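Asker: Taking the hints into account, I'd like the entire structure generated from these sequences.
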Amino acid sequence: MIKTYLTIVILLLLQTTVFAQKHKSTTIGKINEEELEMQFYDKDTLANALVLYEHANIYIDEENDYKFRTDHYYRIKIFDKEAYSLANINIPFYDKETVKDVKAVTYNLNGDSIDKTWLKEDAVFTTKETEYWSQTKFTLPNLKEGCVIEYVYSVISPYSRLDDWYFQSETPKLNSEYNASILGNYKYNIRLVGTKELDKKDFSSTEDCIHVPGMSSGSCINYTFGMRDIPAFKEEDYMLSKKNYMSRLILDQLSYTDVYGAVKKYTKTWEDADKTLKRLFLDNQTSKQNFFKKNLPEEILNVEDDLERAKQIYKYIQNKLFWNGNYWTQGNLKVKNTFDEGTGSVDAINLVLHNSLNAAGIKNFLVASSTRNNGLPTKLYPIIKDFNYITVKAVIDDKSYFLDATDKKLAFGQIPFKCLNGEGRVLDFDNGGYWEPIKTKSSSILSIQSELELNDVSELEGELRITRSGYYALDERKELDSMSDDEYLDDFETKNPNLLVNEYEAKNETELEKPLEQKFSITLDHSYTNSSTIRINPFFFNKISKNPFKLDERTFDVDYGYPRTLYYTVKINIPDTYSITKLPEKKAIALPNSGGNFMLSISESDNSIMVTTRLYILKKTFSAAEYAYLKEFYNQIIKAQQSYIQLEKN
1326 MIKTYLTIVI LLLLQTTVFA QKHKSTTIGK INEEELEMQF YDKDTLANAL VLYEHANIYI
1386 DEENDYKFRT DHYYRIKIFD KEAYSLANIN IPFYDKETVK DVKAVTYNLN GDSIDKTWLK
1446 EDAVFTTKET EYWSQTKFTL PNLKEGCVIE YVYSVISPYS RLDDWYFQSE TPKLNSEYNA
1506 SILGNYKYNI RLVGTKELDK KDFSSTEDCI HVPGMSSGSC INYTFGMRDI PAFKEEDYML
1566 SKKNYMSRLI LDQLSYTDVY GAVKKYTKTW EDADKTLKRL FLDNQTSKQN FFKKNLPEEI
1626 LNVEDDLERA KQIYKYIQNK LFWNGNYWTQ GNLKVKNTFD EGTGSVDAIN LVLHNSLNAA
1686 GIKNFLVASS TRNNGLPTKL YPIIKDFNYI TVKAVIDDKS YFLDATDKKL AFGQIPFKCL
1746 NGEGRVLDFD NGGYWEPIKT KSSSILSIQS ELELNDVSEL EGELRITRSG YYALDERKEL
1806 DSMSDDEYLD DFETKNPNLL VNEYEAKNET ELEKPLEQKF SITLDHSYTN SSTIRINPFF
1866 FNKISKNPFK LDERTFDVDY GYPRTLYYTV KINIPDTYSI TKLPEKKAIA LPNSGGNFML
1926 SISESDNSIM VTTRLYILKK TFSAAEYAYL KEFYNQIIKA QQSYIQLEKN
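For the sequence shown, position 539 matches number 1864 in this note's numbering, and the numbering has no gaps at all.
Just to be clear, a hint being listed does not mean it is correct.
Pairs of lysine-lysine, BS3-like flavour, derived with a Cα cap of 30 Å [unchecked claim]:
# : residue 1 : residue 2
1 : 1766      : 1733
2 : 1945      : 1911
3 : 1567      : 1525
4 : 1659      : 1453
5 : 1944      : 1912
Since the hints were made in silico from the structure, they are not lab data. Nothing here was measured: the structure is a model prediction, and the numbers come from that model.
Answerer: Dropping the structure here:
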């Protein structure tokens, strides 16, 4: 996935900045009647809305103390009420930034005339969300199906970092532009992410584009990036963050040169970035072994075997500390306080684990990574903001174990699913950091076994055994932990409406390194019966009823996160009063490139039928070129699991 991502990154190598010359913004309040008469978008007839035009213009605003100014303009066609949410506008901004010049209007066709409803000033309000950022909010008035909404606003900022510009969104767009005028004392790398190419890429230069009293003037580079006919981005199952695939511009700040020629570099080498990560995020809290030697239980520190000692330390920290819901502490981190108070952020808890392992003589490193919903970190050059998570990599007998002590249901060597996102940066402060794929040690296997018997009232009764390991066990343990047994069984029956649980027991609920075992005594209502015929669908549990892959074409990878295996076996004992007249057909299908396979087998004796399936997903990631094969693979599985056993009364 990372290789694919990097191949679609375009380095424009514009080492540029302070934006000076103002681009003329589109006038608000004028409307094309044809846009109001439009009833659907011919290139996406199912779209609820269409962005007719949008742009961002960036420059230095002399009227606002030479701060950065971004003027935003949007015009959107609303086809039906499902798109009314697009009229709820939220503009986030940071401390010391301001939002101003908000204007908005809604256009509706009224016979031969056009009604305009303007946003009132008192309908715009600002809320402070945290200590560091706020939001300006408003909702466009008089929404009706078929209307067009239009709005503008400006953000004034003292900060030289620039937000990404998304050409693509969940709504199709006719035209999207990004304009800027740039002075040379701020430098950026500009990257284009996504598979769609730019339709417009214009460059020009302007001499003496900005004048600051008492200082010399500067030359600017003016540029425009644009796209047309941008399809809606459609999310689907088994994908990483949509940020990795949506067409957008990323502007990474490289450096700033002041009037005296001094250069401040924002993007340095990875060696510098490793030091920054240690200083900013870890706050010099990585060498507290003596404290932990005194405070960790002596019986744990005295365990001779390294792996067992590491496991006991992990379990001790995992059970002692509680995650407070925050990822980064950034500057306020005190691992001693975290240990004593029993709660902390992800980086704080895993720093406690890091120091505890050090105190026990276990070689380990901190790992900076990005969660699946945060996007893939770029490896082209250091961008610290790409990271949002810290885990620990322990090295024992030349084997690596990724650890996260924030989740009490994680087994040793298992990290949260949200962290299975490409590679992480291993922070080796002695020998230099390096990239390493983030993997889990545990195998994820779901095994379902059932033996059922047809009773006198034509119901199936018997036993259902489910064994889970890896992420299957993790997910189910969390379910079990979140509710009582009665609530769990009610939920279980709701998810399986043809199944009634008579008795239930579980094993290894808290033994995290062992498979989770569950046993149910069940009664099953099969699908069809009359006086002489019974039809039984043997795939009564964990049946794949819907194909997760529905797109005609997928332009981004399928990412399962981890390989997985599903075993399913059901034995049905038949009374002598019935004969078997129809069975499911045997089936074996395989994905290309050893990606996985599915097998269905049937065996029968005089009084019993055995149905067995095996489903293997052997790769974590499938390319977009393999999508059609995956889609058909699931179609064939669904078809196979719709088959049935037919019995006729003797």
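Asker: Give a verdict on every hint.
Answerer: Here's how the hints hold up against the structure:
1. Between residue 1766 and residue 1733 the alpha-carbon distance is near 17 Å, which keeps this suggested pair within the 30 Å criterion.
2. With a C-alpha separation of about 27 Å, the suggested pair residue 1945 and residue 1911 falls inside the 30 Å cut-off, and the hint holds.
3. Annotation: proposed proximity of residue 1567 to residue 1525 holds, straight-line Cα distance about 24 Å (limit 30 Å).
4. Between residue 1659 and residue 1453, the direct Cα distance comes to roughly 28 Å. Compliance with the 30 Å bound is thereby established for this hinted pair.
5. For the hint pairing residue 1944 with residue 1912, the CA-to-CA distance comes to about 21 Å; that is within 30 Å, so the pair holds.
Checked against the numbered hints listed earlier, the structure breaks none of them; every hint is satisfied.
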